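As you go down the protein sequences, you meet chains A and B in turn. Residue numbers for the first sequence follow UniProt numbering, beginning at 1 and rising by one. Residue numbers for the second sequence follow UniProt numbering, beginning at 1 and rising by one.
It is worth saying that the hints were derived from the structure and are not from the lab. Misleading hints may appear alongside valid ones.
On the chain B side, residues computed to face chain A include the following (Cβ under 8 Å) [said to hold, decoys possible]:
(1) D6
(2) E18
(3) A19
(4) F21
(5) N32
(6) Q237
(7) V239
(8) R245
Taking lysine-lysine pairs in the DSS-like style, the calculated list, with each CA pair at most 27 Å apart, reads [unchecked claim]:
(9) K29(A) with K208(B)
(10) K61(A) with K122(B)
(11) K250(B) with K8(A)
(12) K61(A) with K29(A)
Note that the structure is predicted; figures quoted are calculated from it, not measured. Where is the CB? At the ideal position from N, CA and C, for every residue including glycine.
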Amino acid sequence: MELRVIEKTDTELSIEIAGEDHTFMNVLKGALLESEGVEAATYDVNPEQSGGQTEPILTVKTQEDVDALDALEAGADRVMEKADDFRSAYEAA
Amino acid sequence: MAPDYDVEFIDRGDRDREARFLVRDVSPAFANGIRRAMIADVPTLSIDEVRVIENSSVMFDEQIALRLGLVPLTTPDDYEIGETVTLALDVEGPGTAYSGDLVSTDDRVEPADKNVPIIDLKDPEGSETPQRLEVEADAVYDVGREHAKHQGGVAVGYRHLQTVEIVGDADEYGDDDPHILRGVIEEDGELIPTEEFDHDLTQRYPGKEVEVHDVPNAFVFHVETDGSMSVDELVTQAVDTIHGRASELKDAVQL
Numbered sequence: 001m002e003l004r005v006i007e008k009t010d011t012e013l014s015i016e017i018a019g020e021d022h023t024f025m026n027v028l029k030g031a032l033l034e035s036e037g038v039e040a041a042t043y044d045v046n047p048e049q050s051g052g053q054t055e056p057i058l059t060v061k062t063q064e065d066v067d068a069l070d071a072l073e074a075g076a077d078r079v080m081e082k083a084d085d086f087r088s089a090y091e092a093a
Numbered sequence: 001m002a003p004d005y006d007v008e009f010i011d012r013g014d015r016d017r018e019a020r021f022l023v024r025d026v027s028p029a030f031a032n033g034i035r036r037a038m039i040a041d042v043p044t045l046s047i048d049e050v051r052v053i054e055n056s057s058v059m060f061d062e063q064i065a066l067r068l069g070l071v072p073l074t075t076p077d078d079y080e081i082g083e084t085v086t087l088a089l090d091v092e093g094p095g096t097a098y099s100g101d102l103v104s105t106d107d108r109v110e111p112a113d114k115n116v117p118i119i120d121l122k123d124p125e126g127s128e129t130p131q132r133l134e135v136e137a138d139a140v141y142d143v144g145r146e147h148a149k150h151q152g153g154v155a156v157g158y159r160h161l162q163t164v165e166i167v168g169d170a171d172e173y174g175d176d177d178p179h180i181l182r183g184v185i186e187e188d189g190e191l192i193p194t195e196e197f198d199h200d201l202t203q204r205y206p207g208k209e210v211e212v213h214d215v216p217n218a219f220v221f222h223v224e225t226d227g228s229m230s231v232d233e234l235v236t237q238a239v240d241t242i243h244g245r246a247s248e249l250k251d252a253v254q255l
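Chain A with its partners taken away, still in its complex shape (with noise of 0.2 Å):
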């Protein structure tokens, strides 16, 4: 998994996450948008038909209070818990 941050201030935060799809990236997203302190998060998988662009773009907006990278961090938390849970539930069944 490649990074590369592409437009970066306090509350927005426009990422490339490289070899990821939809799997993934719709997610986190959904985990974002649950998380507090999160505007906006949307992922496009190829922006404006640009020529080549075909990895996925993360857009984050936060609160004047939250860092956006701090929130796709706990974003990321976020999946990882979720995943927890659901394995456990899981094998609870």
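Based on these hints, arrange chain B on the given structure of chain A.
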């Protein structure tokens, strides 16, 4: 707001290959992530390279190789992506070469089904020797995203759990058309697969007018594997791939 999932099995099919289970309080995004991961991201072993020693059958080497590739192999979970295991097949006609004739160097790796026909070998009249197929093949551990033959899950999907609300009596002189519904319905906390009433709501609620509603964030997964692994292994490995990628992302962000 920690997620609090609840998994309940509706039926476990035979041979560990098939199962239906309900997950509650799961977001559509996460449910779909798991479904996609089961199909494309859980690696299995599959024959990828074939060295033909003798092929006097009626089919080209390439066709035989394709067929061998599609044979599901039981897959232990301690392989790494790209790792290979060698198998061999040596069958002489008259008779059919089956997947069960494949011999593996790793005894944990074997064809999941023994009765997949590879090719029918003849002993043609007037020919000195019968047709023969002898090959050596390397199976590679890879993911379904690379090639469909590596898909461990062959029929993986989900539906919403549904509830049926009785809204009144059916029109007395109306048409008695069946009201077909497939899936699982919840009635007073009880889960009822629609097979129980032949998928026809008019059989379960005769003379009633009903409305069907989805239960939010409750999904009934139906998972069937090709035999490379059990349903339990497929589901847990799919969840682990998502977990792995999230932790990879976290590490990458921290740098």
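Tested hints:
1. D6: Since chain A brings a Cβ to about 6 Å from D6(B), closer than 8 Å, the hint holds.
2. E18: Violated, about 16 Å.
3. A19: This interface hint is violated because 10 Å lies over the 8 Å limit.
4. F21: Where the cut-off is 8 Å and the nearest Cβ of chain A is about 7 Å from F21(B), the hint holds.
5. N32: holds (6 Å)
6. Q237: violated (10 Å)
7. V239: holds (5 Å)
8. R245: holds (5 Å)
9. K29(A) with K208(B): Distance of about 42 Å is beyond 27 Å: violated.
10. K61(A) with K122(B): violated (68 Å)
11. K250(B) with K8(A): Holds: K250(B) and K8(A) sit about 17 Å apart, inside 27 Å.
12. K61(A) with K29(A): holds (12 Å)
Checked against the numbered hints listed earlier, the structure breaks hints 2, 3, 6, 9, 10; every other hint is satisfied.
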